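Each chain, letter by letter, is given below.
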Amino acid sequence: MTDAELSDLVARSFYAVAPDIEGEPIDPNKSFRAQFEIDSMDFLNFVIGLHKATGVEILERDYPDLQTLSGAVAFLRQRLP
Amino acid sequence: MVIERKTDDTEWSPPNLVDYETVHHGFVWPTPEETFGRRADAPGCFNIAYEAADRHVAAGEGDRIALRSLASESPATTLTYARLAEDSARFANALADLGVVPGDRVFTLLGRMPALYIAALGILKRGAVFSPLFSAFGPEPIKARMQIAEAKALVTTARFFERKVKPVLADLPSLRTVVLVGGGDGGVDFDVALAGQPTTCRIAPTRADDLAIIHFTSGTTGRPKGAMHVHGAAVAHKLTAAYALDLKPDDIFWCTADPGWVTGTSYGIIAPLLIGCTIVSDEEEFDAQRWYGNLERERVTVWYTAPTAVRMLMKAGDDLPQRYDLSRLRLIASVGEPLNPQAVIWGRDVLKRPIHDNWWQTETGGIMISNFLSMPIRPGSMGRPVPGIEAAVTKREASGAVSFVEMPDEQGELALKAGWPSMFIGYLNEEERYRKCFVDSWYLTGDLVRRDADGYYWFVGRADDVIKSAGHLIGPFEVESALLEHPAVAEAGVIGIPDPVAMEVVKAFVALRSGHTPDETLRKDLLAHARKRLGPAVAPRYIEFCHSLPKTRSGKVMRRLLKARELGLPEGDTSTLEVEK
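Protein chains in written order, with my numbering: chain A, 34 to 114; chain B, 14 to 594.
No lab work stands behind these hints, which were simulated from the structure alone.
Bear in mind the structure is a predicted one, so any value in this text is a computation, not a measurement.
Check before you lean on any hint, since a few could be wrong.
[Said to hold, decoys possible] Looking from chain A toward chain B, a few residues come up when the C-beta cut is under 7 Å (computed):
id : residue
1  : 38
2  : 52
3  : 53
4  : 70
5  : 72
6  : 73
7  : 91
8  : 95
9  : 113
[What the hints assert, rightly or not] In silico lysine-lysine, BS3-like type, Cα no more than 30 Å apart, as pairs:
id : chain 1 : residue 1 : chain 2 : residue 2
10 : B       : 449       : A       : 63
11 : B       : 537       : A       : 85
12 : B       : 408       : B       : 481
13 : B       : 328       : A       : 63
14 : B       : 449       : A       : 85
15 : B       : 537       : B       : 449
16 : B       : 261       : B       : 179
17 : B       : 576       : B       : 537
18 : A       : 63        : B       : 569
[To be verified] From chain B, some residues computed to sit far from chain A (all C-beta separations above 10 Å):
id : residue
19 : 149
20 : 515
21 : 538
Ideal Cβ positions, reconstructed from N, Cα and C, are used throughout, including at glycine.
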């Protein structure tokens, strides 16, 4: 997958958890929490969604890498075959 | 099973409560003056903010650290007791200049930042009534609460104001003053308001029975309820913190609760300041590594958190905490929903400290039942009543009276003998709802429990339909009302469904108006609608479409039946049922 495709996948997983934000631009380098109204349960569901969409195993220790759009893209790029 | 306190715990000084039986037996609540001492500056007066800050300064303890406030994008802020006393006096003066008079309701909509502590104490010093809002609320819950209390002033940030308050500002005619921490459009800059104000103020001559705080909570039906608490509640805040949390003046105390809920105020702000210890607070949300890092770096000695957080830490793995030095931790306590036995044992095995569960509610103002440090823990139990609290297991009779369940392990409604200092004195403007909470001299909690032969209480469930999610109470009516505002929705029924992390999460059953198709697009649209109005903490996580909802003959949605169906439980008596699914 290209970075653009990965970015699209991450954004879709995020919007699925917080459909109220759908369509709003995401600043790739700012944390989701700093930009939008989401709570820890949302974040957990976002991680579960990413795992389901990609099959990539995500551990709690990886969570800090997933706080931003660009971080999540970099994480997936590294882990995807 | 029972977890005994280990003998090597003698490295610490003995707990405040050594002999539970003796202290509990014959305990009489002291008066505010007996608890805190006289007010030389204002005999007969009693004000929480004075006791929380100024008294320590008067005793020569002003240089001690009251607050260590952590944030990810800026360095930690440290406030001494002297600074807290001064800044809260300046804020009280600023409120006076802004036209806030004693008795006015002043709300906060803030995260855990230094301004919150200053504002809370400043509001109380002004003699105004402090009402904190949860910052994850959307505009609707905020509007409902501020309308009920006829809010005169609000302290928030420009971001929250823009997103959550501005959309409903036209519906808040009583709101005259907005103070914005960090400045911005739409209100007075907090720093500017403080600048130039004298560092002392005339603390309002409040009495112990004067209204100090309103905490909103949710019921099964109707609007949120504003539970009213008086200044004299501080007696219970201090003593329960001393007994149940073993707090001492040299402790470093971290309460992870949000200030928008009663725990975040009673134990996140007031109790530790009354005791005179150092509060650690973190503006950031949960993150396992960050939290362990905080415990180590800040050398936290007493940690008060919630089952949802504990379960998230468990998911983060057993290796992670081994990388941190948590040896300073003397006591871990938990509140919000029952802590599962595995979590208590995980605490003992992995954090090397069992987790002490306790129980209380918005209405009780402070901890009522607790697993004390000096007592064996029964994992899964909420513990035993704190000194000064008489608890009972009751049944409501058809006549309206209550009877007492004396048999061990038999289920009933938890009742508390009325009259402890932090007991709520009413629901704002809802005398009838308040009256219904009491039978004879007992406050009926709405929680179903059982008591074992040794006097430990065990949570069984709620007697009503209120949802317990991630430590917060969510009123199904509030969620249903927001859904019904959507043009596609004809009927809505909202329940809590079990969740391994949050205990329960909100699920909505929705019947559509004709002409609307139950598809993925509409589901997302409804979720978005609810999240925008209610905020993520209150909005449903799941929506299920159905043709019609089961209702009683009088037309009330039968949430219990929805829940029974969802969980595959017996549906019980459906004789009053009108519409089948």
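A quick look at each hint next to the structure:
no.: 1; hint: 38; result: 22 Å, violated
no.: 2; hint: 52; result: 4 Å, holds
no.: 3; hint: 53; result: 4 Å, holds
no.: 4; hint: 70; result: 6 Å, holds
no.: 5; hint: 72; result: 5 Å, holds
no.: 6; hint: 73; result: 5 Å, holds
no.: 7; hint: 91; result: 11 Å, violated
no.: 8; hint: 95; result: 11 Å, violated
no.: 9; hint: 113; result: 23 Å, violated
no.: 10; hint: B:449 / A:63; result: 49 Å, violated
no.: 11; hint: B:537 / A:85; result: 18 Å, holds
no.: 12; hint: B:408 / B:481; result: 22 Å, holds
no.: 13; hint: B:328 / A:63; result: 26 Å, holds
no.: 14; hint: B:449 / A:85; result: 48 Å, violated
no.: 15; hint: B:537 / B:449; result: 39 Å, violated
no.: 16; hint: B:261 / B:179; result: 43 Å, violated
no.: 17; hint: B:576 / B:537; result: 22 Å, holds
no.: 18; hint: A:63 / B:569; result: 45 Å, violated
no.: 19; hint: 149; result: 5 Å, violated
no.: 20; hint: 515; result: 6 Å, violated
no.: 21; hint: 538; result: 7 Å, violated
The structure fails to meet hints 1, 7, 8, 9, 10, 14, 15, 16, 18, 19, 20, 21 from the earlier list, while all remaining hints are met.
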